[in-house]
Amino acid sequence: MRTARTVHQLTAAATVGILLLLVAATATTLSPGGLADNGPTAPSIGARIEDFKLADFTGKEHSLSQYRSGKGVVLIFVSARCPVSNAYNERMIQLASEYQSKGFQFLGINANKAEDPSEMATHARQHGWNFPVLKDTGNAIADRLGASVTPEAYVIDANGALRYHGRIDDSQDPAAIKSQDLKTALDAILSNQEIAKTEAKAFGCSIKRG
Amino acid sequence: MTGLMLLLVTTLLPAGAAARTAPAASAPAAVAHPTAAPDVQPIDSPGYLRLVSSMKGHPLVVNVWATWCDPCREEFPDIVRFHREMGPRGVEVAAISLDMPSALKTDVVPFLAANGATFHLFLKTPGGDEEFINTVDPGWSGALPATFVYDREGKLVRSVFGSTSFEQLGAIVAPLLPAAPK
Numbered sequence: 001m002r003t004a005r006t007v008h009q010l011t012a013a014a015t016v017g018i019l020l021l022l023v024a025a026t027a028t029t030l031s032p033g034g035l036a037d038n039g040p041t042a043p044s045i046g047a048r049i050e051d052f053k054l055a056d057f058t059g060k061e062h063s064l065s066q067y068r069s070g071k072g073v074v075l076i077f078v079s080a081r082c083p084v085s086n087a088y089n090e091r092m093i094q095l096a097s098e099y100q101s102k103g104f105q106f107l108g109i110n111a112n113k114a115e116d117p118s119e120m121a122t123h124a125r126q127h128g129w130n131f132p133v134l135k136d137t138g139n140a141i142a143d144r145l146g147a148s149v150t151p152e153a154y155v156i157d158a159n160g161a162l163r164y165h166g167r168i169d170d171s172q173d174p175a176a177i178k179s180q181d182l183k184t185a186l187d188a189i190l191s192n193q194e195i196a197k198t199e200a201k202a203f204g205c206s207i208k209r210g
Numbered sequence: 211m212t213g214l215m216l217l218l219v220t221t222l223l224p225a226g227a228a229a230r231t232a233p234a235a236s237a238p239a240a241v242a243h244p245t246a247a248p249d250v251q252p253i254d255s256p257g258y259l260r261l262v263s264s265m266k267g268h269p270l271v272v273n274v275w276a277t278w279c280d281p282c283r284e285e286f287p288d289i290v291r292f293h294r295e296m297g298p299r300g301v302e303v304a305a306i307s308l309d310m311p312s313a314l315k316t317d318v319v320p321f322l323a324a325n326g327a328t329f330h331l332f333l334k335t336p337g338g339d340e341e342f343i344n345t346v347d348p349g350w351s352g353a354l355p356a357t358f359v360y361d362r363e364g365k366l367v368r369s370v371f372g373s374t375s376f377e378q379l380g381a382i383v384a385p386l387l388p389a390a391p392k
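In order, the protein sequences belong to chains A and B. Under my numbering, the first residue of the first sequence is numbered 1, with each subsequent residue one higher. Under my numbering, the first residue of the second sequence is numbered 211, with each subsequent residue one higher.
The hints are simulated quantities; they were obtained by calculation from the structure and are not laboratory data. In this text the structure is predicted, and so the values were computed from the model without any measurement. Be a bit skeptical, because a hint or two may be false.
What the hints assert, rightly or not - Partner residues aside, some chain A positions facing chain B, computed with beta carbon under 7 Å:
no., residue
1, Ser-148
2, Val-149
3, Gly-204
Claimed, not checked - Residues from chain B that keep clear of chain A, each with C-beta distances beyond 12 Å, as calculated:
no., residue
4, Gln-251
5, Pro-256
6, Arg-260
7, Ser-264
8, Pro-298
9, Val-319
10, Ala-323
11, Ala-324
12, Asn-325
13, Lys-334
14, Ala-353
15, Arg-362
16, Gly-372
C-beta atoms are modelled at their ideal positions from N, C-alpha and C, and glycine is treated no differently.
If we strip away everything but chain B, and leave its shape as in the complex, we get:
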């Protein structure tokens, strides 16, 4: 039943975003069941725009990666750590794999599971690569890895082309966090 509902919701939103039932700021840190396979949803250009829109109210970090990209694999633990530490502070994190659909079960899901990724996980649907690149950021060449940071209004405020790190993401996101209560 839950699966059917998710399927229906995916026609309106990327399911990873739609499945978010409460703002992360007020929700406990997500903890994956050790044996649960990561839920990876398909995403295309319109889906990307819906994802960004659905995250308004929270800073959003989107990492675009692939299992065939060595620097992507190397930086991924930092993305996971960033989510683990900043998720409870209201920051949303999404990762979009550019692997072929045929690699989903063999490479993508095992990699995500091994890294303990519990945020919004997507696999880009085949085709329309240039449209997708320009939808995300017209200044992006398409080189991987790439990471995009949105403010709480859903505006792209920073594009990191090449590898990023926990420290760099922390520095970029810090000004985007809501002011701490006095």
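Next up, chain A with everything else stripped away, as it sits in the complex:
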């Protein structure tokens, strides 16, 4: 009886030990709230974003530096399958239409492993996107920029500095928008004003990394 109990206790202790090892093995970084699997972190506002080159779904390559002669570049991580990203299709097209004429270049980036250029092309044509959508194979740029969600926007000014990072606005429902954060950031850059809110969060789909 005593032997059986000892064996049981040893088994229980071993199980707890294995579980603790699993916890340690899966822990990656420390977040303010506790231990978390945060993944790559985004550059700080003001940080210079290194040049990169990605191909769109037609195979044409686009580099960040080729668009720096204007007011800046708006990168938006998107997904053809994410309902939240798709809820913003019309808004992204409208913003691109308005601000590309004012000197900003919009570039969509699709870093989702499962979405290939063919699917991206079909999606872009269906929705009439008016800016290139680049394929971030292996999510190298998503990792470099700390992108984790779709949609997620980055505004890089003509000097290559990150000026805004985060949501497009504060509501998936267009009728409930109270804060058009991306639009406000672009207006501030155009008028040489400080951007009041340089980072903002919203719910969205996780980027499915490869």
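Given the structure of chain A, go ahead and fit chain B onto it with the hints provided.
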């Protein structure tokens, strides 16, 4: 009458938490009536803090999900299984849907019912998304799914960004359980 009492209690606590009448450690495993619709209560940032506070004394796992999130739907059976197996051991489980209120009856409740979810179920109220994200964990981007684990003192000890599993949750929660009687 019960409904009225619940309504009154919701002004102080999220009803899913308030309706808990006994610690899960000493209560039998919850079994839903097969035909009973899941009870989904609204929750906002203050309500979230009340939820966590009301669960002190038990490890708490909070899964944030939405019916439009495929990985959320895929992992949800593991959340249900985790509750079924760990609920009787004193672990509390809550799930917060980020669906629109218009999807509550059409999508959220049917999904929860189909999965047999019988734990604390909530639907986040519209607006204040960034405040909610930062209330839960300032390190969270807002990407779904996400799961948060609290110890018995109500301290956030682990945030899982992305999909989780029965095995992972078991490993995280194991050190948080009270020591087994000798």
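Results for each hint:
Satisfaction of the interface hint for Ser-148/A is found here, the shortest Cβ-Cβ separation to chain B being roughly 4 Å, below the 7 Å cut-off. A cut of 7 Å between beta carbons decides the hint on Val-149/A: the least distance to chain B is about 4 Å, and the hint holds. Against a cut-off of 7 Å between C-beta atoms, the interface hint on Gly-204/A holds, since the closest Cβ of chain B lies about 6 Å away. Non-interface status of Gln-251/B relative to chain A is upheld: no Cβ of that chain comes within 12 Å, the nearest being about 19 Å off.
Listed as a non-interface residue, Pro-256/B keeps its Cβ farther than 12 Å from every Cβ of chain A; the least gap is roughly 17 Å. Every C-beta of chain A lies more than 12 Å from that of Arg-260/B, the closest at about 17 Å, which supports listing it as non-interface. Distance to chain A confirms Ser-264/B as a non-interface residue, since its nearest Cβ pair spans about 19 Å, more than 12 Å. With a closest Cβ-Cβ approach of about 17 Å to chain A, Pro-298/B is found to remain outside the 12 Å limit, as its non-interface label requires.
Separation of Val-319/B from chain A is adequate, the least Cβ-Cβ distance of about 19 Å exceeding the 12 Å criterion. The Cβ of Ala-323/B sits about 22 Å from the closest Cβ of chain A, beyond the 12 Å cut-off, so the non-interface label holds. Against chain A, the non-interface label of Ala-324/B holds: every CB pair exceeds 12 Å, the least being about 20 Å. The Cβ of Asn-325/B sits about 20 Å from the closest Cβ of chain A, beyond the 12 Å cut-off, so the non-interface label holds.
Its beta-carbon lying about 9 Å from the closest one in chain A, Lys-334/B breaks the requirement of being farther than 12 Å from that chain. Its beta-carbon lying about 4 Å from the closest one in chain A, Ala-353/B breaks the requirement of being farther than 12 Å from that chain. Distance check for Arg-362/B against chain A: the nearest CB is about 14 Å away, which clears 12 Å, and the non-interface claim stands. With a cut of 12 Å on Cβ distances, Gly-372/B falls inside the contact zone with chain A, its closest approach being about 5 Å.
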